[in-house]
Amino acid sequence: MEEPNFFDKVYEVAQQIPYGRVTSYGAIAKYLGAARSARMVGWAMNNSLAKDVPAHRVVNRVGALTGKHHFDGTNLMQQLLENEGVEVVDNQIIDFQRHFWDPAKELG
DNA sequence: GTGATGACTATGG
DNA sequence: ACCATAGCCATCA
312 MEEPNFFDKV YEVAQQIPYG RVTSYGAIAK YLGAARSARM VGWAMNNSLA KDVPAHRVVN
372 RVGALTGKHH FDGTNLMQQL LENEGVEVVD NQIIDFQRHF WDPAKELG
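Each residue of the first sequence is one higher than the last, beginning at 312 in this note's numbering.
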């Protein structure tokens, strides 16, 4: 095994997102010290789909389910979030800030 | 080694 | 307010 890659770190953070909470790509990237690599976080999420990572809890900065079309169904991501008590309308999380979970703040 | 790509974000017109 | 462009940086062809 080698040192944890960027992706591995993203997985760890994503796995620590509490139930019913969400975060943004930028927040994770910032926690990892690569705030400008938010895209990498999203990409890592794509890899995480095959892992035990709650990728549906990671959305963009405005709480929009930009990655929903990476899931099997068209509304699977939304269903998962709603199942956790997160209100989602038109592919966007309602009261995003209330559900927001900042790893940089919660973990350190 | 170079170029292209991406589930983003910030800024400018 | 909306659309376009730039920056960022890790991975792949």
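For the record, the hints were derived by calculation from the structure and aren't laboratory data.
Keep in mind it's a predicted model, so treat the numbers as computed, not measured.
There may be inaccurate statements among the hints.
Derived pair list, reagent style DSS-like, types lysine-lysine, alpha-carbon separation capped at 30 Å [said to hold, decoys possible]:
{"#": "1", "residue 1": "K416", "residue 2": "K320"}
{"#": "2", "residue 1": "K379", "residue 2": "K416"}
{"#": "3", "residue 1": "K320", "residue 2": "K341"}
{"#": "4", "residue 1": "K320", "residue 2": "K362"}
{"#": "5", "residue 1": "K362", "residue 2": "K416"}
{"#": "6", "residue 1": "K341", "residue 2": "K379"}
{"#": "7", "residue 1": "K362", "residue 2": "K379"}
Hint by hint, here is what the structure shows:
no.: 1; hint: K416 with K320; verdict: holds (16 Å)
no.: 2; hint: K379 with K416; verdict: holds (26 Å)
no.: 3; hint: K320 with K341; verdict: holds (12 Å)
no.: 4; hint: K320 with K362; verdict: holds (13 Å)
no.: 5; hint: K362 with K416; verdict: holds (25 Å)
no.: 6; hint: K341 with K379; verdict: holds (22 Å)
no.: 7; hint: K362 with K379; verdict: holds (16 Å)
Violated hints for the displayed structure: none, as all numbered hints are satisfied.
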